[in-house]
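Participant: Here's the letter readout for the chains.
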Amino acid sequence: DTAVSQTPKYLVTQMGNDKSIKCEQNLGHDTMYWYKQDSKKFLKIMFSYNNKELIINETVPNRFSPKSPDKAHLNLHINSLELGDSAVYFCASSQRKRGGPGELFFGEGSRLTVL
Amino acid sequence: EDQVTQSPEALRLQEGESSSLNCSYTVSGLRGLFWYRQDPGKGPEFLFTLYSAGEEKEKERLKATLTKKESFLHITAPKPEDSATYLCAVSPGGGNKLTFGTGTQLKVEL
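Chains as they are written, first to last, in this note's numbering: chain A, 1040 to 1154; chain B, 22 to 131.
Simulated from the structure, these hints should not be mistaken for lab results. On a predicted model such as this, the values are computed, not experimentally measured, just so you know. A virtual CB, placed ideally from N, CA and C, is assigned to each residue, including glycine. Just to be clear, a hint being listed does not mean it is correct.
[Stated by the list, open to error] Using 30 Å as the maximum straight-line C-alpha spacing, the simulated DSSO-like pairs for lysine-lysine come out as follows: (1) 63(B) / 1136(A); (2) 1091(A) / 84(B); (3) 1136(A) / 84(B); (4) 100(B) / 1106(A); (5) 1080(A) / 80(B); (6) 1079(A) / 89(B); (7) 80(B) / 1075(A); (8) 63(B) / 1080(A); (9) 1075(A) / 128(B); (10) 1083(A) / 128(B); (11) 80(B) / 1083(A); (12) 84(B) / 1083(A); (13) 1136(A) / 1106(A); (14) 1079(A) / 80(B); (15) 63(B) / 1091(A); (16) 1048(A) / 128(B); (17) 1110(A) / 63(B); (18) 84(B) / 1061(A); (19) 1110(A) / 1091(A); (20) 89(B) / 1080(A); (21) 78(B) / 1075(A); (22) 1061(A) / 1080(A); (23) 63(B) / 1061(A); (24) 89(B) / 1136(A); (25) 1080(A) / 1058(A); (26) 1075(A) / 89(B); (27) 1061(A) / 1048(A); (28) 1083(A) / 90(B); (29) 100(B) / 90(B); (30) 1075(A) / 84(B); (31) 1058(A) / 63(B); (32) 1083(A) / 89(B); (33) 90(B) / 1080(A).
[Unchecked claim] With beta-carbon atoms standing in for the labels, derived distance ranges: (34) 1052(A) / 77(B): 44 to 54 Å; (35) 1080(A) / 36(B): 22 to 32 Å; (36) 62(B) / 1065(A): 18 to 28 Å; (37) 39(B) / 1098(A): 35 to 45 Å.
Using the sequences provided together with the hints, build the complete structure.
Facilitator: Next up, the structure:
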């Protein structure tokens, strides 16, 4: 049983197109995240949802729109894709503890290539 | 602003050659320091959480330690299967995110 699963694993698309990535977790966690990993392997947070409520929205272009229909699912829709959006997008989940996010558990990643 | 710096960027070891990876951090009110392992084409895999200076955690050939300014990941008698990128992350006080370092790419050769 995969704990955090995201689909698709690979996306290849043209500039200007729109694409979506879906994520599901079966760990019963209350918080989910989207992280972006660039070509230098640096992981940077984009968004976080706690019980379906958006609690972190870093400096991300508004072409990126997350949606959490319930606390087990978090989707990411990207409009008008640009070359610089090419990266690996990771979904993660955690159960908050000690006033912090707790341990994050990551999906396998979705590699987006914009041509 | 929270900062995490990992060194070295890359490390090549012979099998059995012990070494340490460093993670220096600047954060307001540390809630936790986390170590992850990432294999190529995979998501980061959780290894350890350390909450306070002086704390240590061990798992197989890995041992993580924490001071007020840095953390070390000690690898004892590494094997080729320990080859991966090791990521350090911090959780600041009152925050709900992990801030990651850029990682140390470890290669263990026979």
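Participant: Can you list which hints this structure breaks, lowest number first?
Facilitator: Violated hints: 2, 4 and 18; rest satisfied.
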